[in-house]
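Asker: The whole structure should be built from the sequences, with the hints applied where relevant.
Read top to bottom, the protein sequences are chains G, P, V and C. The first sequence runs contiguously to residue 362 in my numbering. The second sequence runs contiguously to residue 362 in my numbering. The third sequence runs contiguously to residue 324 in my numbering. The fourth sequence runs contiguously to residue 324 in my numbering.
If you are wondering where the hints come from, they were derived from the structure by calculation, not from laboratory data. Just so you know, not all the hints are guaranteed correct.
[Claimed, not checked] Below, in silico cross-link-like pairs of lysine to any residue (SDA-like), each with a Cα-Cα straight-line distance of 25 Å or less: (1) Lys-290/P / Glu-311/P; (2) Lys-305/C / Thr-65/G; (3) Lys-305/V / Val-133/P; (4) Lys-279/C / Pro-166/V; (5) Lys-345/P / Gly-254/V; (6) Lys-345/P / Arg-315/V; (7) Lys-252/C / Lys-305/C; (8) Lys-196/C / Val-133/P; (9) Lys-356/P / Arg-219/V; (10) Lys-319/P / Asp-4/P; (11) Lys-319/P / Arg-219/V; (12) Lys-356/G / Ala-323/C; (13) Lys-319/P / Ile-329/P; (14) Lys-279/C / Lys-317/C; (15) Lys-305/C / Ile-37/G; (16) Lys-356/G / Ser-223/C.
One-letter residues, chain by chain:
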Amino acid sequence: MFIDKFNPLEDDMIQVMDENGNIVNPDFCPDVSDEDILTLYKTMRKARAIDSIALSLQRQGRLLTYASNLGQEAAQVGSGYALKKSDWAVPAFRELGMWLIKGWPVEKIFQYWYGNEWGSHFGEEIRLLPIAVPIASQLQHAVGIGMAARFRGDDDVVMAYSGEGGTSQGDFHEALNFAAVFNTPNVFFIQNNHYAISVPLSRQTASRNIATKALGYGMPGVLVDGNDVFAVLAASREAVQYARESGPVLIEAFTFRMGPHTTSDDPTKYRSDEEVRLWQRKDPIMRLEKYLMKENLMTEDAMKSMTESLEQDVMDAYKSIEHTSDTGIEEIFSYHFENLTPQLKEQLEDYQAFLKGASHAE
Amino acid sequence: MFIDKFNPLEDDMIQVMDENGNIVNPDFCPDVSDEDILTLYKTMRKARAIDSIALSLQRQGRLLTYASNLGQEAAQVGSGYALKKSDWAVPAFRELGMWLIKGWPVEKIFQYWYGNEWGSHFGEEIRLLPIAVPIASQLQHAVGIGMAARFRGDDDVVMAYSGEGGTSQGDFHEALNFAAVFNTPNVFFIQNNHYAISVPLSRQTASRNIATKALGYGMPGVLVDGNDVFAVLAASREAVQYARESGPVLIEAFTFRMGPHTTSDDPTKYRSDEEVRLWQRKDPIMRLEKYLMKENLMTEDAMKSMTESLEQDVMDAYKSIEHTSDTGIEEIFSYHFENLTPQLKEQLEDYQAFLKGASHAE
Amino acid sequence: MPNKINIVQAVQQALQNEMTLDPAVVVYGEDVGVNGGVFRATAGLQKMFGEKRVFDTPLAESAIVGTAVGMAVNGFKPVVEIQFMGFIYPAFNQILSHVARFRNRTRGQRSLPMVIRAPYGGGIRALEHHSESTEALFAHIPGLKVVIPSTPYDAKGLLISAIRDPDPVIFLEPKRIYRAFKQDVPEDAYTLPIGKARVLQEGDDITVVTWGAMVSDVRKAVSQIEDVSAEIIDLRTISPMDRETIVQSVEKTGRILIVHEAAKSFGAGAEIVAVVNEKAFLSLEAPPTRLTGFDTIFPLPRGEKHYIPSPERIRDKIRELAAY
Amino acid sequence: MPNKINIVQAVQQALQNEMTLDPAVVVYGEDVGVNGGVFRATAGLQKMFGEKRVFDTPLAESAIVGTAVGMAVNGFKPVVEIQFMGFIYPAFNQILSHVARFRNRTRGQRSLPMVIRAPYGGGIRALEHHSESTEALFAHIPGLKVVIPSTPYDAKGLLISAIRDPDPVIFLEPKRIYRAFKQDVPEDAYTLPIGKARVLQEGDDITVVTWGAMVSDVRKAVSQIEDVSAEIIDLRTISPMDRETIVQSVEKTGRILIVHEAAKSFGAGAEIVAVVNEKAFLSLEAPPTRLTGFDTIFPLPRGEKHYIPSPERIRDKIRELAAY
Ligand SMILES: Cc1ncc(C[n+]2csc(CCOP(=O)(O)OP(=O)(O)O)c2C)c(N)n1
Ligand SMILES: Cc1ncc(C[n+]2csc(CCOP(=O)(O)OP(=O)(O)O)c2C)c(N)n1
Ligand SMILES: [Mg+2]
Ligand SMILES: [Mg+2]
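Answerer: Set out below in structure tokens:
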């Protein structure tokens, strides 16, 4: 394993495939079949299809605020692909590629971003928690799941996600400390996309990198090129194995948010085109496509038609929920406790009576 | 400076004077006059006098819950002695030796532990915050004071205290991160006394030591023998200078809480006599006394009579507040806002009316 | 064999019973393991059930609660201890943002069977932050239940109900009376309904609603009055509140006094006044009244005797209201 | 030259005025510097006053508030922004345990002149945690003032008062109406008294007390009723509450409806009911009544329209109460 030998105070970022799709570090290359590679590619493409459709739907007023994943697909898909079905994933809110791998149905994802709680109801068997909006708070849930697994003697690993901004929160610190003290099977996967809304990395931390933060907890920390799906997968697999056998690990995936923070954000206010262009050259999908072509795994045409058919699927998924009704009144009340309290029952009935009266009045 | 060269992942704890009062590391020895040394000794002795009197008063029911400092005097006094008058100190709740250096009057200290808010009113010119009970929360205040100093261009340094237990709190993490990002003149002085009430160090963190935690913030972290007042002073002086000139530093003072957590605690429930005895041999005061005698700075008799006269002073200080009246009713209301709100005024008057009625009734 | 125990022993016994019956129950927090809790509420449990089911944690309340969310998601029923209610606030975000919301967020897919225990209230001559009563803060948060027992019998039965509840419960223990008195309590597990108040004493002239340690003070006050027939209600669950029991009583008596230790303004007493107005307005013969702590920070010990409403103040207020 | 501005501009202008007048005022938080705030409430300030007085912080609300305590101790007057009220809870411990307590803890030696600003309330079709109203939680904490403006004029005057206040103020901004309308507002700094409600419209039959974004809805509701003369009170300060204005009104009208967006139980409405009972019991001709959000988590956008009391519901409730 290289993961527990990596010294984040000295070693450089791990890269397997460079920006031109060349394998520059075959030693680190994960053991993947052609089928694996195509799945990785397809999922990254699918994520991008969802993003682009979501953005245009949002502009048309057919979707609410949306957080794009543009540029982070390798980090998300590569990390998710390292998990078994029985392993858990605990997201922040920008892990679309991973959600697809874990099986969150696309129409449910749309339902969520369209403002309906049912989007987060996707079956117990999908070992994925819903989106956690309060930054870094989810990391503690991940550790709790890991504690449960460890105390029960389960073999499951928990992969938890946060942005680099989230590493400034107290909850990040407490989560990593608990994980190390209880030696839980947790992987903390930090997508360092260089911005927390408008706040740049340099204002987020003065440490050499995010991976270094692992040292304070006595756990391995590793830094990988987050736009290189092979490097991410290799590191994630090692981390998952290490977590399963030994204890928690921190992975920093060095990447970039190429789009706005969400559809409400205007990134030109706080960063230069120059910076964005620099990162466009490192685009994780372009990079993999170059590799695929070099290796004759896919033609440009095949990629194009795959993309088109994915976009069609995604649009169909959206349409399947676009006209589902708004949230019903009873739904607002029914999921606070196993049973309605008298207060909730009364408030529900009062409101129903009002609506009835109002509809009579009209 | 050795402070920014210390590598907490590799280097050993810094010690100047060994358990027998021998200077084993003259290179690190701080530049101290005989007068300095006697002041350090006297203050450590005074702290111990307060502790022993407080404990016996508490047993007699003449004082409430009390947190003893036994064994940590070198860490407290040595760190406090590195500060200028205009430097700030921000305590947790177990820094008696430092409080004395900073000038918190002994009678006020007793007043505090006797349950009167006036104990924490000790004049603006004493740059010391009151005790902070919620663990680690005070570290953020210290960083705010440091931000203020830096933004205004003041030359002041802020020394903030916490136990090793406090390093597990989110507030610890956020404070150190802010300090590093804003490059504030803060020293974080962690008294690692091996226990947080009953919870041992090994259950608090899995990191090699507490000093290592500095690395995740990109600041120097140094580990010193906390029972060696010279080592503590040397490291603190360097840290203070570094903070004044460059930025924040973390110091771990390796020490031991020889008494119970507070007077409500029974340490035999969670630790062995063996462990305590081991540390008794490292007692910081005994160690300094051996040195003083070897260097002919003080005789045993002089030490004894100094201790006796200190105890007398301390007892006098206690007596001066023992019979001060209980908290007055108006005092309970008057310090919430600059002016009483109508609600507070009404509640105060109602209560006064009740008391008047009650006294008539008797 | 009689099982005469005080409140803190009742808590311990409830935990022991449930841990014996249900292997999913785990207990953790600061100093609850080896040390058995600073109030000894978890004494002996680690010896009995081992370090995987009863354990100490690092000093971090947010993580104590936050990891309990995860343990509950993954099949356990954590009962976590916050050492004093004054130290629950680092966990406030986890409580409000997650503990209270998982069931609704997932439309019922993931509920959180967990209990957060904390000793609360003043009168034990403690340092700052060790004496507060802030039940109203938690009662206002949708998705939480807030329970406060006042006797060993209730403490045990309600805690067992809380543990068995499929939803999260904030369980506040009145530490002032942790050891104040003993009661004969069934040794085996039993439950008491959450959301139900208890009429301690029937009466015709005035309803007095209270909870926690104040129950004893109210009883004392009422016992000093001969000419007024007071009905005493121990609320037991702050939220969801048993409005029915309160309203029925006020319909009979026409008068209500609410006694609590917490600060007055925006406290739980206000909610009771509001409920009585909404449900029993026409029965009211005197203004529903609160006798509570001041709107001040709880004073350090040398001032604390002024803060908590004394039996004398309660008595006077009952008389005053009865004479209205 | 007229200065017609909306609420968010009024906030920005108040900050700009005070920063110009008082070099001790600093503004910081997440995205308030370069970006000018996600709602643009701090737009342009960093350019004007430099990075030492207006700056972005790492993503950590507890430290934003906790360091403000320290800055206030050391001579500054920090005005910190919490990006949404839903993200204030990581700072809850600092607020309750320190912000509210420094003056009392030190018997007046160290006061904390600081303001915590946060946009609050629902109705903007936002993600989870972006729509809540929890003013009651803060109002219950001794040592805090809680202010909520409902117009540009009030927003500016009250924020300037809050900044000049020697004690900490929680300043909640109704984001639903941040840009809803403009008002002509003095360009220079001016203050409005904290702790004073405003009678928006006099009336004889019923008092309606409300605040924040609900003020507009109440006005709309009242404008739809011809046969009832309603007196509308904009509370403006939740704590300390202006009881006098409310009580005087109820003594005249005999009826009171409280309208707020927050969950009903244990909300600020309950306190108003309690106050009215204590001070104007004999004037009451109908039960003091609350019309509020449900005791539920604020629904995601596709359900949110049900949550906030609509002008129609307010209108019906006023009619119902007036006819009582
Ligand atoms: C506790 C909390 N504070 C503030 C926010 C508002 N907010 C949402 S996303 C975000 C930035 C997150 O940055 P990062 O963790 O780097 O993730 P990224 O958006 O880059 O994926 C902020 C400040 C929040 N959701 N939660
Ligand atoms: C937030 C918070 N949680 C719990 C406590 C109760 N408590 C008081 S001291 C203490 C242990 C502190 O340990 P450490 O930081 O190592 O300091 P030490 O007591 O060893 O000096 C605990 C848990 C508290 N005061 N604040
Ligand atoms: Mg980021
Ligand atoms: Mg300790």
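Asker: Taking the hints in turn, state whether each one holds.
Answerer: We went through each hint and held it up to the structure:
no., hint, verdict
1, Lys-290/P / Glu-311/P, "holds, 21 Å"
2, Lys-305/C / Thr-65/G, "holds, 17 Å"
3, Lys-305/V / Val-133/P, "holds, 21 Å"
4, Lys-279/C / Pro-166/V, "violated, 42 Å"
5, Lys-345/P / Gly-254/V, "violated, 30 Å"
6, Lys-345/P / Arg-315/V, "holds, 23 Å"
7, Lys-252/C / Lys-305/C, "violated, 34 Å"
8, Lys-196/C / Val-133/P, "violated, 35 Å"
9, Lys-356/P / Arg-219/V, "holds, 24 Å"
10, Lys-319/P / Asp-4/P, "violated, 47 Å"
11, Lys-319/P / Arg-219/V, "violated, 40 Å"
12, Lys-356/G / Ala-323/C, "holds, 20 Å"
13, Lys-319/P / Ile-329/P, "holds, 23 Å"
14, Lys-279/C / Lys-317/C, "holds, 23 Å"
15, Lys-305/C / Ile-37/G, "violated, 46 Å"
16, Lys-356/G / Ser-223/C, "holds, 23 Å"
Hints 4, 5, 7, 8, 10, 11 and 15 from the list above are not met by this structure, while the remaining hints are.
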